[in-house]
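Q: The primary structure of each chain is shown beneath.
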Amino acid sequence: MNVAYHAGFIAGSFILLAAISVPLTRFRNGSSVLYALAAVVSGLAMLSSMAALSRGVSLQAVLPFGLPGTGMRLELDALSAVFSIIVNLAAILASIYAVGYGRFDPAPRRVLPFYCLFLLGMNLVLIADDAFTFLLSWEFMSLSSWALVVSRHEEKENRDAGFLYLVMASFGTLALLFGFGILAGESGSYAFDLIRERQLTPFAASIAFLLVLIGTGSKAGLVPLHVWLPPAHAAAPSHVSALMSGVMTKVAVYGFIRVAFDLLGSPAWWWGTLVLVLGGVTALLGALFALMQDDLKKLLAYSSVENIGIVFVGLGLALAFEANGMNAAAAIAATAAIFHAFNHSLFKSLLFFGAGAVQHATGTRDLGQLGALIQKMPATAVAFLIGSVAISSLPPLNGFVSEWLTLQAILLSPELKDWGLKFAIPATGALLALSAALAGAVFVKAFGVGFLGRARSHAAIEAHETDRFSLAAMGAAAMLCVLAGIVPGLFVDGFAPAVALMTGAPMPDQSRLPWFTLVPMDVNRGSYNGLLLLLFILFTAYGAVIVIHQFVSNAIRRAPPWDCGYPDSRPQTQYTASSFAQPIRRVYGTLLLRARDFVTMPPPGHVRAATFRVEMRDLIWEKLYLPVSGSVLYAAEKLHPLQFQTIRRYLSLVFGLLVFLLTVLAIWL
Amino acid sequence: MRGIVFDIAHLLAGSLVLVSLIQLYQDRLTSLLRVFAIHAIVLALSVGWQAYIQGAPHLFATALLALGFKGIAIPLVLHRIVLRLGIHREIETVGGIGITMLAAVALIALSMVVIFKVTPGASTLAREDLAFALAVILIGLLMMVTRRNAVSQVVGFMSLENGLILAAAGAKGMPLVVEISVAFSILIAFIVIGIFLFRIRERFDSVDVSTLDRFRGGRQ
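Going line by line, the protein sequences match chains A and B.
Under my numbering, residue 670 is the last one in the first sequence; the count climbs by one each step, no gaps.
Under my numbering, residue 221 is the last one in the second sequence; the count climbs by one each step, no gaps.
One chain only, chain A, in its complex shape (with noise of 0.2 Å):
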């Protein structure tokens, strides 16, 4: 099949679906019709793509319009295979999740013919084989999934958030154009397979690297150009947050790896080290601000901040041992990037879904109001469980593999012969370990205040369970977690072929292996089986749990005079979400947040309460984004008096500034 009909499909049934959706609306049931036409839509672009895929042919089309000379240059590789698979399955599973939950928006013809342009859009990008195609898809991308961010207008933070969101799409926008030009070079060569061919000075290569690093970075969430992630994606109705965050950012990593392994070339040696160091980074303080969140979708929103900073990594690792000739060992972190992309994809997606569903359910995403959901909420609750054990990657879930294999990856660094390398890789092991760690104590957070306990609110005791629909995708979401933890052989053989486009060999096959057994290199280093612990937890526990039954639970129980800690049954009693935070907040936050409480306590005779107050300070954006921002103001300022002047000033500037120039022609030439 071309790639052009590929292509056809999807811009024309988005485009249509799009366009019916304002009618649609009038309907009781028409944005469930109409999500349900996206689900069908996308899962017929999945299948197409998973066709490609398994043929291991890659499809190019030049359709005749585009930029003069060039057209639209399309394609469908491995690469872009795997993550339209990516993109269309979690955008199948945000469809089915709303059909349930889109009937309950308030302005669903806010929402939905962008919705539509927006899975257009991340479909695009994919298979553009120009930068001209590849901008505007990009460009389509960002500006349909703003419309979605300010959706709810009315409210200041949301327009905020948007605000900031177009500045920093833009920003990032800005250095792909820079980036692409110079990679196109003053022929203007803009297919890739120009690009390819051409041979860069390795100064012009790091450039045009710097940039496409800067403006992919600003979409996926690199620290420090993730401002913006966190207000947009909480701003963004429950089921666009997931799109935005577990696929959206999946789309700026497709960017970053198009680039940086396929157009590029080989890498210079220095390009892994700080990919791997911003990952690093990115992720331990993408999880620390997830851990001081108090807000649920802003800290699932920084968790993707983490994640990123851990495929960020994988993919540094990947460049590192390209750069150093071990593509053996490129090849596992490769894949071990890809991998956890489409993880944070499911799991991502299913707790944004969780999210919305507690937000429909108790009209607040404030961990505070919530608690005790699970009594509820049961089946939700059971969803979000596992996606959390899924995102904290605790086995036998699928973010343990990705992770394990991250880290696999980082145990090989001591055959690199680049000391600096050396050096950096293990240091980002460590902060990858505590990230995770982190990101562990994030979902015990979100999990134990939300949804144990008791209810801290009237909002948490009216709770209702979420519609079937919603149900029917969290569920699919869960069982394609645990899928793809216990037999990760399938997953990894399935993305083989992009990681060989990525690193020029993929990992070993693994489906000549038993029992699902996932080695990375050989046995000796390392072997997991999801499919063993599985079972070995499902019968350890059962086993724990007919030793307490038989042994404990029948031994006679005295009322305690403490009562477990609850002697108390007012849910103020608990730990808050704040407090939950509070240690990690006294040990990382002083450093690194600026983080410091503040007691007052009545004096003694009073019976005025107490006050605890936390104050936080976001240190990039204080020294990073204000100075920028005032700056501007400032030129702003400056040049406003410009814009009210008579007709003669006018004709006076625009005369002055062409005889400044012919001057400068007269003497120049």
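Hint data in this document are derived by calculation from the structure and do not stem from the laboratory.
Note that the structure is predicted; figures quoted are calculated from it, not measured.
Keep in mind that the hints are not guaranteed to be accurate.
[To be verified] Selected chain A positions facing chain B (Cβ under 7 Å, derived; list incomplete): (1) Leu652; (2) Ser653; (3) Leu663; (4) Leu666; (5) Ala667; (6) Leu670.
Using N, Cα and C, we set each Cβ at its ideal position, and we do this for glycine too.
Once you've looked at the hints, dock chain B against the given chain A.
A: Chain B only, in chain A's frame:
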């Protein structure tokens, strides 16, 4: 024969610059309009000569358009407007006439230097033509910048257009369509500006554009 052809073209184009300077010197609207008519007639002659030496009949059409519209129709109408508005008095210039003339001379020098440096490969005739044309354009702009009165700004704009036509005639092979569209755009600009003039006059009892400034929001 080659020599005399070049000399006449040179003479006519140079005269256009000279008339531009004369135009810049005028401080009364009626005389300014008369000089503008001469400007257009010299342009028509120059374009006509170009048509003759290049053997391009469509340039005769351009010359006729320039003569008809800019040499006769527009100055006549503007003259009537000026008389009806009763503003055939002194023109308020910004800065002294002497300084403006010096600036114009500097602009002519600048355009000579620029064009001679930029077009080393072109024929001498085209280079001379382009240099004079650029000078006329710059002087037209200078006139728009240094006059307060709306009518003299219109005249400045028109002489700027004359410079453009001179440049277009010098460059061989410009299609007639382009020239006609230029002519019509000038006509439309003239109509718009004419209406604009009456509207200003109706509102403010003056055609001094600075009276408009009071009605703009924000700072001055």
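Q: Hint by hint, note whether the structure agrees.
A: Here is what the structure says about each hint:
Here the hint on Leu652 (chain A) is kept, as its CB sits about 5 Å from the closest CB of chain B, short of 7 Å. Checking Ser653 (chain A) against chain B: minimum C-beta separation of about 5 Å stays under 7 Å; hint holds. Interface restraint check for Leu663 (chain A): the shortest CB-CB distance to chain B comes to about 5 Å, inside 7 Å, so the restraint holds. For Leu666 (chain A), the suggested interface contact is upheld, since its CB lies about 5 Å from the closest CB of chain B, less than 7 Å.
With 7 Å as the threshold, the beta carbon of Ala667 (chain A) comes within range of chain B, its nearest partner Cβ sitting at about 4 Å, so the hint holds. This hint holds: Leu670 (chain A) has a C-beta 4 Å from the nearest C-beta of chain B, less than the 7 Å allowed.
Figure legend: structure checked against the earlier numbered hints; every hint is met.
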